[in-house]
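Enquirer: First to last, the protein sequences are chains A and B. For the first sequence, position 340 matches number 1562 in this note's numbering, and the numbering has no gaps at all. For the second sequence, position 135 matches number 138 in this note's numbering, and the numbering has no gaps at all.
Since the hints were made in silico from the structure, they are not lab data. It cannot be assumed that every hint is accurate.
What the hints assert, rightly or not - A few chain B residues that don't get close to chain A, going by computed Cβ distances all over 10 Å:
1) S68
2) Q76
3) L87
4) P89
5) D90
6) K137
Unchecked claim - Once the Cα atoms are required to be at most 35 Å apart in a straight line, the calculated DSBU-like pairs of lysine-lysine come out as:
7) B/K137 to A/K1403
8) A/K1403 to A/K1275
9) A/K1251 to A/K1403
10) B/K137 to A/K1275
Just so you know, even glycine gets a beta-carbon here, dropped at the ideal spot from N, CA and C.
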Amino acid sequence: MAKHQDGSGPLTWIAVIFTTCILLFLFQKILWLVVPFMLAFVLYYLISPFTHKLIMAGLSPELAAIGLSGIFLLLAGAWLLVLYPLAIAHAGLWQDDLQRYLLGGTAALEAAVTTLKFKFAFLRNMDMGGDYRQNLLDLSSHFSEKYLGQMITTIAAWLPSLLLAPIITFFLLRDGVRLRKFIISAVPNAYFEKTLYLMRAIDRTARMYFLGLLSLVAIDGSMLCGGLWALGIPAALTLGLLAALLGVIPYLGPLLGCAIALMVTATDLPGNPAMLYWVIGLFALVRVMDDFVFLPYVMGRSMHIHPLLTLLMFFIGEAIAGVSGLILVIPVLGIMMVIGETVEAILSDDRLRVRHTHARRLERVIATGDLTLD
Amino acid sequence: MLRRFLKARSEPANFAALRRIDLFHALNRRELRTLDSLLHHRSYCQDEIIFDEGEDGQAVYFILSGHVLISRQSRPVDGAIAELGPDQSFGEMAMLDDAPRMAQARARDDCRLAVLFRDDFLGLLQSHALIASKLSLALAHMLARRLRDTISRDVV
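Build out the structure end to end from the sequences listed, making use of the hints.
Expert: What follows is the structure, encoded as structure tokens:
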């Protein structure tokens, strides 16, 4: 079996990138189905070690799948039941808080602009977008009437789709092996072993990516929570976890997380601009650690993608499918790479193709052995 | 008697064939069911190549019916090493290492094979250690027997 040590040729790479773009375009059209499947795969890879433990303890794979998926579904249902009345009861309070933090953030931004204009003469005559304060005030004061209803409608529309995730996870846990055998049974004998290897490689790549992503959220969350708490920022735990979760969205996510933390800092600790720089420093440190230490260590082993190509693919993904493209582009590219390399290995292996032709000819001889034309 | 009758009735048809395979002798019904969920069943027609010498091995094959010819350097006539029949297995070295296949396997007549992928066997080591250890022991016995046969043949 080819171990992909030589890498792929340029044609394969072009095909892989082209297919990734097409898939992203298609995925964007059926995002309601792609998102629950992606969540289901994350859940599946997260839960499957526990399934193994239950199976080792003597449970059948079916019972283990039913038990774990059921527990997850119950937890998700209980969480929704608690969250919904809480959201309704606190909606007004949350809107006031949002307005307060937006004003605090705006004030900090204005102070920073004033300081810059005071220190650098060439900035004094420059228009720095003076109406941003008014825009932010408008946004916060009309938030509930303009956006809250829309947000609730969007969440309600996504809910049935998101509830698909645990159901898909259950079937993946219960029938994953059977599904793999079913797919493999359609593969001709000559390509059988290589296809087995391919499916295992795809599974390994997806597992390492999704679990790597979860590990990164956990690492970032711990670092940010710890850092914000050490700096004395209020609600450090909530802010750290929120920023770590937003970090799943490449490039935009960390910026958004940092902006939220800055708004909270500027509002709750007014008159302390040094603290804003500390918060920016903390987020920059986490970003650097992510890019140079954790990301290569946690995900590098699964995704052997050149950093320049990764950057390029992020831009392409964003252009094709927006934020969903940013999130999906790397796992899709990783899986396409494995498929591309294996298909290239199969197509360039003359012996395998000849063996397949030979087998088909033998089958034809058997099928037509007793048929003669007079 | 009724229990034996019910047991025989509830057992899938291919279990009888699997039970006859040397490597699976020590497995009980439940363990065999677990193993069967991982096995791939393939059919090969007469003279079809199963794998080539030098190819990287990823799976071990068990003969359920038919015969398989093992030969060196793709020469089925003068390079033949062995002819294997039902209940025997081949390609076991793939379970142990990533090394290339040492010989070619070709269907002597129409045959049906059960295939265990190496990664599935490695997965068994984690999820069903007892089954994996029984298989490993049976595999070690079989390789020791083959080594002893080879040595005694060389001495003669």
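Enquirer: Would you mind marking each hint as holding or not holding in the structure?
Expert: So, going through the hints one by one against the coordinates:
Here B/S68 stays apart from chain A, with its beta-carbon at least about 16 Å from theirs, past the 10 Å limit. Distance to chain A confirms B/Q76 as a non-interface residue, since its nearest Cβ pair spans about 14 Å, more than 10 Å. Residue-level check passed: B/L87 sits 17 Å from the nearest beta carbon of chain A, beyond 10 Å. Distance check for B/P89 against chain A: the nearest CB is about 19 Å away, which clears 10 Å, and the non-interface claim stands.
No Cβ of chain A comes within 10 Å of the Cβ of B/D90; the nearest lies about 21 Å off, and the non-interface call holds. Distance check for B/K137 against chain A: the nearest CB is about 15 Å away, which clears 10 Å, and the non-interface claim stands. For the suggested pair B/K137 and A/K1403, the alpha carbons sit about 24 Å apart, so the restraint of at most 35 Å is met. Proposed proximity of A/K1403 and A/K1275 is supported: the alpha carbons are some 23 Å apart, at most 35 Å.
At roughly 30 Å between alpha-carbon atoms, A/K1251 and A/K1403 fall within 35 Å of each other, so this suggested pair holds. As the CA atoms of B/K137 and A/K1275 are separated by approximately 20 Å, the hinted pair is consistent with the 35 Å bound.
The structure meets every hint from the earlier list without exception.
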